[in-house]
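Student: Residues per chain are reported as follows:
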Amino acid sequence: MNRKLSQTIAFTVLRISTLFVVVPVLLVMYFIISRGWRSMSWSFLSTMPAEGGVSGGISGPIIGTLILVTCTIGIALPLGLLSAIYLSEYAKPNLFTRVIRLAIVNLAGVPSIVYGLFGVGIFLLFLKMQPSILVASMTLALLILPVLIVGAEEALRSVPQGFRDASLALGATKWQTVQRIVLPNALPGIITGTILGLSRASGETAPILFTGAVALMGHMPHSLHDPFMALPYHLYMISAASGATVPEYMQWGTALTLLTIVLTMNIAAAIVRLHYRRKQVW
Amino acid sequence: MKIPKIIRKIGEVFMEKLILLCGGVTIIFVILIFVFLLRYSLPALRVVPLFQILVGKDWYPGDEAFGILAIIWGSLLTTVGAIIVAVPIGVAVAIYIGEVAHKRIRETLKPVVEILAAIPSVVIGFLGLVLLVPVIQNVLKIDTGMTALTGAIMLAFMAMPTIISISEDALHAVPQQYREASLAMGATKWQTIWRVVVPAARSGIVASVMLGVGRAIGETMTVLMVTGNSTAMPVWSHGLGFLQPMRTLTATIAAEMGEAVDKSTHYYVLFVIGAVLFVITFLVNFMADLALHRTRR
Amino acid sequence: MVTAGDMDLPRGGIRIKIAERTHELSDSAIGESVPSIINISDLCMFYDRAQALINITMEIRPREITALIGPSGCGKSTFLRCLNRMNDVIPGTRATGSVMIHGQNVLDQHIDVVELRKKVGMVFQRPNPFPMSIFDNVAYGPRLHGAGGKYYIDEVVENSLRGAALWEEVKDILHTSAMKLSGGQQQRLCIARVLAVEPEILLMDEPASALDPTSTLKIEELMQDLAQQYTIIIVTHNMQQAARVSNYTGFFLNGEMIEFDRSDIIFTKPGDRRTEEYITGRFG
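Chains as they are written, first to last, in the working numbering: chain A, 8 to 289; chain B, 104 to 400; chain C, 526 to 809.
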């Protein structure tokens, strides 16, 4: 009898603990949507910030983030994909591989501000470049590299070994096998990982603070060598950094926009993953 | 399309070398980061010895005082506070999802955890600022709601998904035979979980906690926005130091990088802080990786 | 022309049938001067420290079916994979000795493994068609090497599918997914895929063990047709199958080749006591 009772108590405690996760998430959704909804309008999304962000809209930050994230993926994806191909298809179980994996774990754990510091150090101080979309996206690319590598490697490994064996036995080289058999079949997983990387990059603030993002700019960036506005930085600026002057509903509206972008990407990744899992023929 | 064999062979070799290079590129980046952090720490270290920086209690950059002890305390308090909150909840949720919940509940809970993980740190910081700070201020009747406690709570939300998902993996990896053997001896499900499964997953759970710690220490925007950014030493009588404004190592870099005079000692000291952070997180992640490897064996 | 008629030989309770063979058997016993196509000499294979194959020496005759039998884990598949260097895929493997095909030792590091695998094709235990159309599966090999235009490929695909006795069944559905075929059809597709690169030697690693009896029979008939043109080496743990289809049989045990002779001799009057014990089922 006592054991049954302990079990009931234990399970109840467990169930209650999940509330600490579910309730906050629901609260977050509730507050952001209910308070941010007020400022949602086409003009809000398509007007540049004015008067230091107190009025106007957030078009600049939105576009800035989109451009930034596109460049980031453009840099990180080829690098991450080739790296994952090495780990999945070519690496032997030796010390070198072990060190690579350790390096990936560490890159994943480096604080985002340290990435920003590194970006300043190598690009601005050492290479004497200007803070810009280019510099910021290179910095951000390094941050999401581990995410991409891990996701892509998992996708590549999920392709059954039988396919590779069959291809090699027919006289294909390893690279031909990777190109024609492994990569096409790993594509859904790679796409999922890429979208998740995009989502992560969209929300990051610290790495871009000093490598190219600016609080306010009167115009869209003209080239990749220009500084830019970004949505997460804008949110920080109009809430914590300038505080009282910006109307609350605009702060919530910005938060809502950012959250929507990020969560949409996550949902898209989940849909891709589910859809292809169902279609999988092996 | 018939490509002459020799060209194909050259292309093949090129690709394989490129792939090998990309494989090792992560190692190069880790080394690069460390090297550059060090390189730009040196100008500061020539003026102020490292020991003085680490142990000094006064952070007054204007007066060339670069002691980060209070800031280290800030990072420590927020991290420890976050872990105290996040670990019991996180492990409990992981156990629930992995061992107890029905399929349908599991399939609802996992996306919720993923959503929590996906929320950008600046949004969490914003919510903490606008929602939690006033609450803490009013409920605890203190001067300002921007405290280490506030930071710790928000950080807990950020560390929880990491702890949950990695603990869940560790629990999942425990062989089914263990559970079956225990149940066959007449143990209840809970006894099986508590006495067999969780201990078997021990290293994985420990690793998840370490990774959670890493996450908490490294978090920037959230703490920047809610802890008040004071660089005074903690007053222990004041709720163990939790109930006053604090600043973390990460927030210091973020806050002062823009203000520090270019190429001044102040500027370079920020790199020293960055190097310290890098070393701390490197060690934490290294140990976590070791622990995870023990589970895989 | 020597034919072995149906022989029903009671042997410790197990009846072994030796099949009728109506095509030309190469003359008589080992040692006669028919040039062998594969000459294996002192082949040893190591997985890291463990030795999987111990001094294997044998000769494979052209256009015959050679069966390799033995209990699980005795090295037969490992041996097969040495012949087309598929063991290279597994890290930590090492082979010494020589496997001479057309005067070249294929274990040599300087050998063009790609060319070797075209000449020595392999069919695996589990059918592993690519998740593509039937046509693309068969065309995969020829396309690898930058083969000629559309008509050439069409022709190769048809010939290969005919050679694998699959053409009639799939000629109207060439562009549907290969994964929709039955197990037996998939295996024949894998055979067609190999035929498309025009090999001389076919290695078959338990090709029918994952299939139902009807498909198995079809594969065995196919093998006998193919033996008119190709040299076939088949690994099987099904002794009756080995007795049915093969001309020569090698018995493997614990990484060694215990006995190698004409199949009619192995299955009726084996020289080694261990071979006899295996054949009569005294161990599995």
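Hints are computed from structural coordinates only; laboratory data are not their basis. Note that CB positions come from ideal geometry on N, CA and C, so glycine has one too. Incorrect hints may appear among the rest.
[To be verified] Computed list of lysine-lysine pairs in PhoX-like fashion (alpha-carbon distance at most 25 Å, straight line): (1) A:K286 - B:K213; (2) B:K112 - C:K696; (3) C:K675 - C:K696.
[Unchecked claim] Here are the simulated distance ranges between beta carbons: (4) A:V30 - B:W339: 50 to 58 Å; (5) B:E115 - C:S566: 27 to 35 Å; (6) C:Y572 - A:E161: 56 to 64 Å; (7) B:L157 - A:R284: 33 to 41 Å; (8) A:I16 - B:K213: 22 to 30 Å; (9) A:R105 - C:K696: 45 to 53 Å; (10) B:P146 - A:E161: 37 to 45 Å; (11) C:G796 - A:P167: 40 to 48 Å; (12) B:L157 - A:E161: 36 to 44 Å; (13) C:D679 - B:E115: 21 to 29 Å; (14) A:V288 - C:Q754: 30 to 38 Å; (15) C:G673 - A:R105: 55 to 63 Å.
Student: For each hint, tell me whether it holds in the structure or not.
Tutor: Cross-check of the supplied hints:
| no. | hint | result |
| --- | --- | --- |
| 1 | A:K286 - B:K213 | holds, 22 Å |
| 2 | B:K112 - C:K696 | violated, 35 Å |
| 3 | C:K675 - C:K696 | holds, 17 Å |
| 4 | A:V30 - B:W339: 50 to 58 Å | violated, 32 Å |
| 5 | B:E115 - C:S566: 27 to 35 Å | holds, 32 Å |
| 6 | C:Y572 - A:E161: 56 to 64 Å | violated, 27 Å |
| 7 | B:L157 - A:R284: 33 to 41 Å | violated, 50 Å |
| 8 | A:I16 - B:K213: 22 to 30 Å | holds, 25 Å |
| 9 | A:R105 - C:K696: 45 to 53 Å | holds, 52 Å |
| 10 | B:P146 - A:E161: 37 to 45 Å | holds, 43 Å |
| 11 | C:G796 - A:P167: 40 to 48 Å | holds, 42 Å |
| 12 | B:L157 - A:E161: 36 to 44 Å | holds, 40 Å |
| 13 | C:D679 - B:E115: 21 to 29 Å | holds, 28 Å |
| 14 | A:V288 - C:Q754: 30 to 38 Å | holds, 33 Å |
| 15 | C:G673 - A:R105: 55 to 63 Å | violated, 46 Å |
In summary, the numbered hints that this structure violates are 2, 4, 6, 7, 15.
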